[in-house]
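Student: Given next are the chains, with one letter for each unit.
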Amino acid sequence: QKEVEQNSGPLSVPEGAIASLNCTYSDRGSQSFFWYRQYSGKSPELIMFIYSNGDKEDGRFTAQLNKASQYVSLLIRDSQPSDSATYLCAVTGGGADGLTFGKGTHLIIQP
Amino acid sequence: GAVVSQHPSRVICKSGTSVKIECRSLDFQATTMFWYRQFPKKSLMLMATSNEGSKATYEQGVEKDKFLINHASLTLSTLTVTSAHPEDSSFYICSARDLPAGGPGEQFFGPGTRLTVL
Chain S
16 QKEVEQNSGP LSVPEGAIAS LNCTYSDRGS QSFFWYRQYS GKSPELIMFI YSNGDKEDGR
76 FTAQLNKASQ YVSLLIRDSQ PSDSATYLCA VTGGGADGLT FGKGTHLIIQ P
Chain H
436 GAVVSQHPSR VICKSGTSVK IECRSLDFQA TTMFWYRQFP KKSLMLMATS NEGSKATYEQ
496 GVEKDKFLIN HASLTLSTLT VTSAHPEDSS FYICSARDLP AGGPGEQFFG PGTRLTVL
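Which chain is which? The protein sequence lines are S and H, in order. When the letters of the first sequence are read in order and numbered with the numbering used here, they come out as residues 16 to 126. When the letters of the second sequence are read in order and numbered with the numbering used here, they come out as residues 436 to 553.
It should be emphasised that the hints constitute simulated quantities derived from the structure, not laboratory data. Owing to the predicted nature of the structure, the values given are computational and were not obtained by experimental measurement. Any given hint could turn out to be false.
Derived contacts from chain H toward chain S, CB cut-off under 8 Å, selection only [stated by the list, open to error]:
| # | residue |
| --- | --- |
| 1 | Val446 |
| 2 | Arg459 |
| 3 | Leu461 |
| 4 | Phe469 |
| 5 | Pro475 |
| 6 | Ser478 |
| 7 | Thr484 |
| 8 | Ile528 |
| 9 | Glu541 |
| 10 | Gln542 |
| 11 | Phe544 |
| 12 | Gly545 |
| 13 | Pro546 |
Every residue gets a Cβ at the ideal spot worked out from N, C-alpha and C, and that includes glycine.
So here's chain S without its partners, still in its complex pose (with noise of 0.2 Å):
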């Protein structure tokens, strides 16, 4: 059975400073991985996805992919406020297959 593990949290930041969100999945077969950022009471929204191993930038996020440890992280850098959410991992095995998601990183950035 598919598994991916979060820390749950929370993670309490300061604003300005790099928030760091790590993120471990079982299935080797896994192809796809993606973060969502999650408010409270509302569905996820996709931040960024990643296929291939190494590191993926985009704006003020960079997704690292490691295949061989079987590990996903996502770096935000100048936390703002507004970053405060839960943080999804999500992996897929490619095709059309769901989501498997993990429990989620509540982030906290402090002002």
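Following the hints, put chain H in place on chain S, whose structure we already have.
Tutor: Relative to chain S, chain H alone:
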């Protein structure tokens, strides 16, 4: 970007009744739609995968006779919770894949439907 809508956004019903939730892709054709459920303080759990014109594929532990899924067109999928019970109260979220524009696994989520069964 791709937009997915859900209706209703919130529904309260009595135990034993059936509730239908609609999921629509507004500006793209979705050959595959997914239904997720999220209980309070928990993560999203995939319930089923819905392919246009064929039967849905349900995840282990999800009762297909209780959660009826229909994907009659490339822009509409419906989830019907039959004979709802209080333990079915949850946040139901659909998503759709935009294959031509998106990546191999990219899904666009609807805003969700909050179901409360009294």
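Student: Against this structure, judge whether each hint is valid.
Tutor: Here is what the structure says about each hint:
1. Val446: violated (15 Å)
2. Arg459: violated (14 Å)
3. Leu461: violated (15 Å)
4. Phe469: Hint on phenylalanine 469 of chain H: holds, closest Cβ of chain S at ~5 Å, below 8 Å.
5. Pro475: With Cβ-Cβ at 10 Å, over 8 Å, it is violated.
6. Ser478: holds (4 Å)
7. Thr484: holds (5 Å)
8. Ile528: Given a least distance of 5 Å, the restraint on isoleucine 528 of chain H holds.
9. Glu541: Cβ of glutamate 541 of chain H sits 6 Å from chain S, so the hint holds.
10. Gln542: Hint on glutamine 542 of chain H: holds, closest Cβ of chain S at ~6 Å, below 8 Å.
11. Phe544: Where the cut-off is 8 Å and the nearest Cβ of chain S is about 5 Å from phenylalanine 544 of chain H, the hint holds.
12. Gly545: Since the shortest Cβ distance to chain S is 6 Å, the answer is holds.
13. Pro546: The hint holds - proline 546 of chain H has a Cβ within 8 Å of chain S, the shortest such distance being about 5 Å.
Hints 1, 2, 3, 5 from the list above are not met by this structure, while the remaining hints are.
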